[in-house]
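Kindly generate the complete structure, drawing on both the sequences and the hints.
One line per chain: the protein sequences are A and B, in this order.
For the record, in the first sequence the residue sitting at position 185 is 184 according to numbering that gives the first Met the number 0, with numbers rising by one throughout.
For the record, in the second sequence the residue sitting at position 141 is 140 according to numbering that gives the first Met the number 0, with numbers rising by one throughout.
Please keep in mind that the hints were generated in silico from the structure rather than gathered at the bench.
These numbers were taken from a predicted model, which means no experiment stands behind them.
Among the hints, erroneous ones may be present.
[As the list claims (entries may be wrong)] Covered by chain A, according to a simulated footprint, are these stretches of chain B (three or more residues, beta-carbon under 8 Å):
{"no.": "1", "segment": "109-118"}
{"no.": "2", "segment": "157-170"}
{"no.": "3", "segment": "190-201"}
Even glycine gets a Cβ: it sits at the ideal position worked out from N, Cα and C.
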Amino acid sequence: MAPVKTERDLRLDLFRGLALWLIFLDHIPSNAVSWITIRNYGFSDATEIFVFISGYTAAFVYGRAMQEHGIMVAGARVLKRAWQIYVAHVFLFAIYLAEISYVAHSFDNPLYTEEMGVLDFLKNPDVTILQALVLKFKPVNMDVLPLYIVLLAGFAPVLWLLLRAPSLALIASAVLYTLTWLFDWNFPAYPSGSWVFNPLAWQLLFVFGAWCALGGARNLTRWINSPVLVGLAVAYLLFAFLIALTWYFPRLGSYVPEVVGDLIYPIDKTNLDVLRILHFLSLAIITVYFVPRDWPALRSKALWPAVVCGQHSLETFCLGVFLSFAAHFVFTEVSNRVLVQFVVSLIGILVMVGAAALLSWYKRVERQGPRPPTTRPGYAGGDA
Amino acid sequence: MAQSMGDMPAECRVAEHLVENGIPLPRVTKAIANKRLSILVVGAGSSLLPGPNGAQNAYPARLRAALAEKFPGVEISLATDVKARRTALEMVKVLPEDIAAAKPDLVVWQTGTVDAMQGVDQDEFSQALGKGIAKARAAGADVVLVNSQYSPRTDAMIALGSYGETLRWVAVQREVPLFDRFSVMKLWGDLGTFDLYSATKKLDIAGRVHDCIGRLLADLIVAAAKPEAPPAPAPDK
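Here it is in structure tokens:
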């Protein structure tokens, strides 16, 4: 079958797929393979890519629904999606509990009496599980989905505004971001502190992604293709890279002028530091400049594994979180040799690709089903 | 359990290169010259070892022993205020009393793990560190910070990352040497010098780890307190 001309930008799938792989690798504690992930070379990491593209695709999918069926129908669909993600999150939490309980029972070491205290929450499950269900208690590495849930839960009115007055919606989002920084707004967490990914700050990237999807990107084309901007982006990425080097070679830290250090640190991930946004934007500018929308390789076999993962992002993400638990389990129970870390990381990615391919196949079968095949443009995933 | 007196065991030395530091400890230099060095270790649970000989085998006492070896003529006193489950802020609160009692030339401050376990706000953590350092300095003491342990089994459950970064940054900003216990132990774990994964009630490995930490910490202090102290980091001009 000749590839259907879709309006879907395969670059989004590709980079979301890659981001999912990187998130998986970053989520495995002390994984030697994670040195390849972008967070080691600059300020931003795969989370920015994931949130931006999620905003973009949400606007792309639900924007059309809103134009065709109105705000009620589109809003209901958005909420249904948020609910699905919530269920996925609770499912992952159950798996996490299973792993933790196992560790709590099997592990004892006088060196780590302090660290074992982290398992104390198992002693009062009445509180902890409840706090987890209301998204206040979030174990390590289970912060992204709650962010996504909150962003989607509030998305319908934002989308409505984006469709009518896109600039106004973007400005409102930036204002909320600024106020959040000024007044230290965040959602409370359990047992103390606040959300690791502050939705009130991270919404900016989500809304910006949505804004780009609804025509903003077209308006920006002239700017993005200007060599000056690309030059600035390269310069900024280089700057971030040099700063990142000082994290690994503390001696180099003395070459960072104090003014610069005072200015940039701390780089606030919780509240989506401006430095992180700029880093993400620089990456995006360079990507868009060098990877055209109709780049033939996007449909190649070589990139298909990443593309197909990006097309089933929720499932792949959840699977990735599960696999990172499993990988950690292998490291602790079997072996943590570097070779094992490589093999486990690779197997993890292959499993993610396999699952995404299966979903893609299933979706195609479902669509073909007893009914005549629809000509609706949709996912172009498994054509390769 | 405790290593016999003498040179540093090879297993400790594996991580020697990670204990680099360009920040001097002038107060300690002076105290050594005056033949009396008083040290206060403030810390939480990972500065302790259980068991009847716990205090003797934990790194604060091992640090004292290692320093006593290096400076035979110097009278070295060590006070500890080490209790499990304390955040940086909780330790800052008791710091003035501790300092008043011990009158230290050097405060070794181990913190960060409990803050990470409780998800304490990064700003609060950073401010607590700053406050503690200021208090120690106001009382005329140098400070060395010690970060979290590398604990592979609980790696997936405690988000040490950003707390470690904050600790590192505060150390750079306030010009306080940081003893990077995390990287040292991670290297030991990766190379198999010590089996940090094993589930055991035995204390032998824990004792050896603490002994090495005490010795390496002593090395850092000795290097930083040399009369011909290492040159301060060159300002980038």
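Going down the list of hints, with the structure as the test:
no. : hint    : in the structure
1   : 109-118 : holds (count 5)
2   : 157-170 : holds (count 7)
3   : 190-201 : holds (count 7)
Consistency note: the structure conflicts with none of the earlier hints.
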